[in-house]
Amino acid sequence: MKLIKKESIPVSITNKPGAGKFLLALGLAGAMGAPVAIAGVTTKQIENDQASTGDVLHYGMGPRAQRFSPLTKINKKTVAKLVPAWAFSLGGEKQRGQESQPLVYDGKIFITGSYSRMWAVDEKTGAEIWQYDHRLPDGIMPCCDVVNRGAALYGDLVLFATLDAKIVALSQETGKVVWSQKVGDYKAGYSATAAPLIVKGMVVTGISGGEFGAVGKVEARDAKTGKLIWSRPTVEGHMGYLNGKENGISGTLNATWPGETWKYGGAATWLGGTYDPDVNLIFFGTGNPAPWNWHTRPGDNLFSASTVAINPETGKIVWHYQSTPNEAWDFDGVNELVPFDMKKNGKTIKAAAKADRNGFFYVLNRENGNLISANPFVSKVTWASGIDLKTGRPIETDNRPRNPADSDDGMKGEHVFAAPSFLGGKNWMPMAYSQSSKMFYVPSNEWGMDIWNEPITYKKGAAYMGAGFTISPLYDDHIGVLRAIDPTTGKIKWEHENPAPLWGGVLATAGNLVFTGNPEGYLMALDDSTGEVLWQFQTGSGIVSSPVTWESGGEQYVAVLSGWGGAVPLWGGDVAKYVKHLNQGGSLWVFKLSK
Amino acid sequence: MKALVAMLFLVVANVQSSERPGGLLTENAPIDDPLGSSAWNIMYNVHIPGARVVFDDRVIVMAPTSAENPMSVPVMVDASALSDVDKIILVADFNPISKILEFYPTRTLAKLGFRFKIQQATPVRALVHTSDGLWHMNGAWIDASGGGCTAPSMASGNADWASRVGQISGKNWLRGHNMSRLKFQINHPMDTGLADGIPAFYLEQLVIVDQDGAELGTIKPFEPISEDPVFTLDVHATGSMSLWGRDNNGNIFEAPLFPRS
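Top to bottom, those sequences are chains F and D. With the working numbering, letter number 144 in the first sequence gets 140, and the count goes up by one each step, no holes. With the working numbering, letter number 33 in the second sequence gets 60, and the count goes up by one each step, no holes.
In case anyone wonders, no lab produced these hints; they're calculated from the structure. The hints are all genuine.
Calculated pairs, BS3-like style, for lysine-lysine (alpha carbon to alpha carbon, straight line, at most 30 Å):
{"#": "1", "chain 1": "F", "residue 1": "K196", "chain 2": "F", "residue 2": "K172"}
{"#": "2", "chain 1": "F", "residue 1": "K223", "chain 2": "F", "residue 2": "K241"}
{"#": "3", "chain 1": "D", "residue 1": "K247", "chain 2": "F", "residue 2": "K172"}
{"#": "4", "chain 1": "D", "residue 1": "K247", "chain 2": "F", "residue 2": "K220"}
{"#": "5", "chain 1": "F", "residue 1": "K178", "chain 2": "D", "residue 2": "K198"}
{"#": "6", "chain 1": "F", "residue 1": "K90", "chain 2": "F", "residue 2": "K456"}
{"#": "7", "chain 1": "F", "residue 1": "K456", "chain 2": "F", "residue 2": "K259"}
{"#": "8", "chain 1": "D", "residue 1": "K247", "chain 2": "F", "residue 2": "K223"}
{"#": "9", "chain 1": "D", "residue 1": "K247", "chain 2": "F", "residue 2": "K178"}
{"#": "10", "chain 1": "F", "residue 1": "K40", "chain 2": "F", "residue 2": "K223"}
{"#": "11", "chain 1": "F", "residue 1": "K172", "chain 2": "D", "residue 2": "K210"}
{"#": "12", "chain 1": "F", "residue 1": "K172", "chain 2": "D", "residue 2": "K114"}
{"#": "13", "chain 1": "F", "residue 1": "K183", "chain 2": "F", "residue 2": "K408"}
{"#": "14", "chain 1": "F", "residue 1": "K196", "chain 2": "F", "residue 2": "K312"}
Stretches of chain F that chain D covers, calculated by requiring three or more beta carbons in the stretch to come under 8 Å of a beta carbon on chain D:
{"#": "15", "region": "78 to 91"}
{"#": "16", "region": "128 to 136"}
{"#": "17", "region": "168 to 177"}
Where is the CB? At the ideal position from N, CA and C, for every residue including glycine.
Using the sequences provided together with the hints, build the complete structure.
Here you go:
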């Protein structure tokens, strides 16, 4: 045991790697509620999650995050008979945005909620089994509501990330904490809201905080113990680590960031990642470069506004694709890259798709990151006229906010109108890929913004933006549009418009249905070939979460969380008229077919 | 009415910690309570159900007759007159969470000083287990104005509380041959979860080890232990020692406890 050789020293709240050994040496590990996970969810089960219909073991309904289920009992013909089985209230006075995707395993449903809370609920009855309320410090700085997007399962543990930038692993049975690890300093603006990714026994997570100059990174820990295995920064110039040793800096120092600008470069990996066992690569999207004022950081600013592909064994970046070089509109590149096999001209391509915040739907070769196609998926994209398929770079339209140095007092650059807005053609809400229809179902929003740049310097824990903005809807009757996109052509097959902005995830099933919720509170089932709404149910508050489906005792279930919130009510500007009447809530709803 | 509500709380809180599911909590304990508490039968059935128990005045519970500060009531339990003590449980009959702590005096005297939060007038009761399987019980009544367990911690009113959590200060003093007195404090809110909007957040394991890393004693605090807890105990060891702690959020704390020079 290593002790600090000082009297009466303050000890910080960290789970020191030595502590576990110390416990075992004492022979007290069992008594201290830290048993080593041996049974339960395996890597093999997680990789097979999408095909296994009796459970939902992973965010995205599998590490590829296709959000597709082969179940067919609930289908176009039967969906009219879908009724609630039970509902569960998250309780408390903390009714904020509920963005969590439920997990289902061994008779329990695991959900996370606002303010870093988690529950295990009985799958059959909706009765609470346990609740964990993380004790949050007062100084947390989440930019965009106190949400959490879901948990992860491994062995007999259920893991989630907290707003004070920790990963906490709890016993699935009791809800007692088994281990806790700090992933960032919440006082410097780090936070964590994404569901962890499980890859080969490792828990792989990113970090939030791009608005505070936090430096993005992807980290892998032993899921059973929390021990750090590797860390990979997503800003050029920062050192990576593997098993406690230096593992090379990301990129080449100062190649795409001048001077010291890389030190607080943003590129937060705040939405988590996906993993494809076929090519053995982890895919993480990265956020905007910091600060927003792009004049301060001439260059491409790698690896911001990109997707990076990381080898899970080496912790090194194998390829990257940057969707918005020298990003200037808050077009985070965090959106999920969804691996799928694309049949085109008689060939099967190991492809992957991403609907980027910048308004383009990209199809990449997931083995090497080469661009296959890129097409707009929203009605108006002002900043680029297209993407050059040879270079992979956008063809820009001189739509960048102007330099504050050119203004009379140097304090505010000339503004521009740009679309999509900073909240993106698509934001965090995950799309689905149907293996039945071979279509992607993308929740998108139609809005633009006025944006301008201002001078800015870095200060720990303070917003690091250097930009101002106002958001406005593009149309007078809707903002949200759910779109069916054919990845082989980039063409939109159908659209379903929604008055309020869409902020929830999508689920596709072999029953030829697409499920999604809206802020107006409806969970909807749409015909996957026409977009016609075949069924809907009012859940009592807005839906900004991702539905799932599974089978138990011969019946197919659908579950979704209801609870309005997220970034829209906080940052929504003129969008308010579409959402200001929406009420808070916090419930888990479970549906099945009436008999 | 107030008493009824308190009783209800008591039963609910205690049922969760019952070690014998299905048992009738009001079933008569094998001995009458020398403290005359109406909750003795429940305490017995919750904390030591079915066990052999005797009243034993060799167990001494020293506490003030009236709590000056309901957030921090000093108590000293001393069962060192008994031999082969392997576990001590402290309970407060009328606290909404009755169990205060468990103490395992591996290589220490069966004697412990601590502070706890009191909700209303209650007996504080020591249940002392010896290796022959017998429980030895004694206790003392403490009068109180009330509210210690359901009030927010001082920390929760301080925006910077999180930066202090886990700071440990402590020392040990030589008290004779192979014997040291140890006193330490850990900064921790010890939130009970009963104050509105503040989740339960408390230390649940403290282990004292000697300089070779061998265990000297273990304390398992529960929610009623006072904020920034202070413990005093006598250990069969001398020289440098250290303290390892863990809370219910999985935070781990560790610090040396050096001899006073």
